[in-house]
Amino acid sequence: MDAWNKKHILGIKELDRSEIETILSLAQSFKGISKRDVKKVPALRGKTIVNLFFENSTRTRTSFELAAKRLSADVLNFSASASSLNKGETIIDTIKTLEAYHPDIFVVRIGSSASLPVLAKYTKASFVNAGDGKNEHPTQALLDMFTVKEVFGTLEGLNILVVGDILHSRVARSDIFGFTKFGSPVTVCAPPTLVPYGFEEIGAAISYDLDEAIEKADVIIMLRVQKERQSSSFFPTLREYAHLFALTPERMKKAKKNVIVLHPSPVNWDEEICSSLKEKLHPLILKQAENGLAIRMAALFLVGTRKRTL
Amino acid sequence: MKILIKNATIVNPNKVFKASILIEKDRIVSLAQRIRTKADKEIDAEGKYLFPGFIDMHAHFRAPGREDEEDIFTGACAAVRGGYTAVCCMPNTNPAIDNEARVRWLIEEAQKDDLIDLFPAGAITKERAGRELTEFVALKQAGALLVTDDGSAIKDPLILRRALEYSKMAKILVAEHCEEHALTQNGSLREGFISSKYGIAAIPAIAESLVVARDVELARYLNARIHLMHISTVRSIEIIKRAKKDGVKVTCETCPHYFSLTVDDAEAAGFSGNFKVNPPLGDKKDIEAVKKALRDGVIDCISTDHAPHSPAEKELPFEEAPFGFVGLETAFAVSYTNLVKSKILDLKNLAQKMAYNPARVLGLENRGKIAKNFKADLVIVDLNRQFKVTEKTFASKSKNSPFLGRELYGAIETTIHNGRIVYSAGADE
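Sequence order for the protein chains is H and Z.
Heads up, the first sequence is in numbering that gives the first Met the number 0, so the first residue is 0 and it goes up one at a time.
Heads up, the second sequence is in numbering that gives the first Met the number 0, so the first residue is 0 and it goes up one at a time.
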């Protein structure tokens with residue numbers, strides 16, 4: 000394993016292939032810890048980790064919290080709704096205040112895209128991105144990659160299909176950067192209104208036709224459809240959206256036999272995925288959550304124990 | 000049923016030549032100098048001209064809601080009387096054509112008599128309110144070829160952006176009525192010396208070209224297709240010309256009254272409601288620009304904007320009267336008289352503007368020209384026959400035409416749709 004020397008994990012963009020491999024292989028060994036009787040190792044004992052969540056999150060926050068605790072770190076949960084942000088304290092003031100406690104790692108979830116480099120200037124601690132606006136959600140992509148590797152034994156040469164609201168999805172962006180780094184081509188499939196402008200250049204193919212795109216996919220990553228998008232006319236009705244982009248038993252018949260379906264959760268059953276597929280598809284989606292914990296332990300461990308330089 | 004049309008001068012978009020054609024069922028099965036096959040019916044078209052059936056991208060059939068002004072059957076009658084075999088009817092009805100059920104209903108109603116193919120245009124937004132997109136994919140599956148909020152432009156550029164983007168997937172044409180309502184307000188007449196002289200509430204020419212400019216900019220930015228309807232001003236044409244030169248996927252249409260009538264004609268008619276239309280009649284410069292744009296290919300199609308209105312409404316004072324003219328029955332003769340006889344276009348060009356180009360813009364295959372295996376949608380015209388436009392010229396329920404009393408050349412003799420004679424001039428005289 001190469002020595003880890005990145006201070007932050009801001010996005011998959013900023014990681015190279017060998018760094019991703021380091022995280023994935025470390026996660027593999029951490030996965031065993033959660034299956035032990037005593038689910039704790041002293042790897043980050045004495046370190047302080049702040050979960051700094053400016054946006055609502057349950058799954059990601061609890062996953063990071065548990066990851067930190069299993070590594071024996073001290074964890075402080077700070078969420079915007081319960082904070083003085085409502086009293087007019089700025090985001091920067093909040094970070095400066097928390098900095099007074101000398102934390103080692105900030106796990107940050109924030110609504111504004113690509114905002115972490117600016118905020119990181121106000122602390123000596125490392126940042127791990129837990130989702131910044133529409134930019135990236137690197138640990139989600141890493142757990143997707145981990146899950147795919149578990150199933151296929153490789154991350155190379157697989158056809159990845161990401162379906163749904165690409166425009167507003169940090170998961171889609173992180174997945175595109177991640178899988179393409181391993182030579183697995185990514186196709187995004189969505190109505191044109193939900194594909195970002197000029198997205199061809201990002202290195203993903205674009206399709207508006209799920210029936211066609213599904214045929215060659217090895218991995219389908221379904222994204223949640225957000226109902227509020229309908230009222231802003233990104234698509235006319237949920238009915239037409241589901242007619243074109245929902246995963247149905249009929250569509251699944253067009254896919255390869257060994258195709259797998261991932262979803263960042265929570266799934267709106269009968270919106271993006273037909274509930275009659277639940278029995279078949281849900282187990283792997285739940286497995287993603289389990290793998291997510293191992294990925295977050297690996298991420299926290301690596302930035303928390305990196306060799307510092309002057 | 001086999002129909003043989005002998006000795007016709009065939010007017011195709013690329014060539015005019017003498018030939019005979021044989022029709023079997025709904026197709027043209029042969030095209031040759033001489034055809035010896037026995038047919039159930041023979042038409043000797045010596046001295047007459049055979050055009051591909053005209054295709055109107057823009058008509059108002061008023062159904063549902065104002066069947067006192069027009070219905071699906073009378074609208075189709077008006078169409079075949081004018082040589083049209085396919086018509087797109089606009090969705091600004093009451094209720095609006097904004098869902099697949101209404102599109103299907105219109106098509107099924109038209110199929111009962113099968114005088115023409117009716118292609119209802121769907122609305123871009125629900126209830127034409129400009130806020131939420133309609134189900135383009137469902138509308139297309141039901142048989143709509145284009146979507147438009149005709150009667151108004153899409154006010155919010157974000158909604159138009161979404162419509163243009165979404166249409167790429169739905170493979171449906173987005174068509175715009177170009178009018179900045181904030182500038183037209185309650186205007187009736189083109190803004191200029193005449194509107195000022197009489198104090199008539201006016202519509203400035205830029206009310207059209209501002210929206211044209213915005214729309215081609217959006218189409219350019221999104222690399223999307225857009226079709227601009229009933230174009231009438233010098234500046235609109237200059238903007239479209241430039242956009243086409245730059246490779247923007249824009250097409251457009253004009254209407255017969257925009258190359259044949261001016262605001263002076265409205266004044267001469269004592270501001271009869273029959274001269275009130277939207278966009279309003281322009282001046283001589285506009286007419287010249289429209290003619291030149293037709294010749295240069297900047298304007299792709301001639302549509303009718305057939306807009307029937309009850310006499311009670313059109314008899315109102317100019318500012319009170321509703322906008323629009325009936326036009327299906329007169330469009331060919333007005334175009335032939337004003338464009339071909341005056342050597343602006345040749346016959347081939349006219350076949351392009353009235354049949355071939357609309358078919359291409361709408362994505363209709365095997366239509367718009369006369370060729371083997373093409374659809375037997377045809378019209379025989381007598382170009383030399385001069386006639387006076389009277390109320391009897393119109394099969395429409397409404398007679399609100401600014402051409403009443405005018406002498407025109409180019410009479411429709413016979414219209415054939417799906418291999419069946421659906422109109423013949425002798426029959427109803």
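Since the hints were made in silico from the structure, they are not lab data.
Among these hints, one or two may not hold up.
EDC-like mimics (lysine to aspartate or glutamate), calculated; alpha carbons at most 16 Å apart, straight line [stated by the list, open to error]:
{"id": "1", "chain 1": "H", "residue 1": "Lys-39", "chain 2": "H", "residue 2": "Asp-15"}
{"id": "2", "chain 1": "Z", "residue 1": "Lys-170", "chain 2": "H", "residue 2": "Asp-208"}
{"id": "3", "chain 1": "H", "residue 1": "Lys-226", "chain 2": "Z", "residue 2": "Glu-131"}
{"id": "4", "chain 1": "Z", "residue 1": "Lys-167", "chain 2": "H", "residue 2": "Glu-249"}
{"id": "5", "chain 1": "H", "residue 1": "Lys-253", "chain 2": "H", "residue 2": "Glu-289"}
So the derived list for chain Z, only partly shown, Cβ under 7 Å to chain H, looks like this [to be verified]:
{"id": "6", "residue": "Glu-23"}
{"id": "7", "residue": "Arg-26"}
{"id": "8", "residue": "Glu-131"}
{"id": "9", "residue": "Leu-132"}
{"id": "10", "residue": "Thr-133"}
{"id": "11", "residue": "Glu-134"}
{"id": "12", "residue": "Val-136"}
{"id": "13", "residue": "Ala-137"}
{"id": "14", "residue": "Ile-158"}
{"id": "15", "residue": "Tyr-165"}
{"id": "16", "residue": "Met-168"}
{"id": "17", "residue": "Lys-170"}
Glycine residues also receive a C-beta, built at the ideal position from the N, C-alpha and C atoms.
Against the earlier hints, flag every one the structure doesn't satisfy and list their numbers going up. Result: hints 1, 4, 5, 6, 7 and 17 break, sorted rising.
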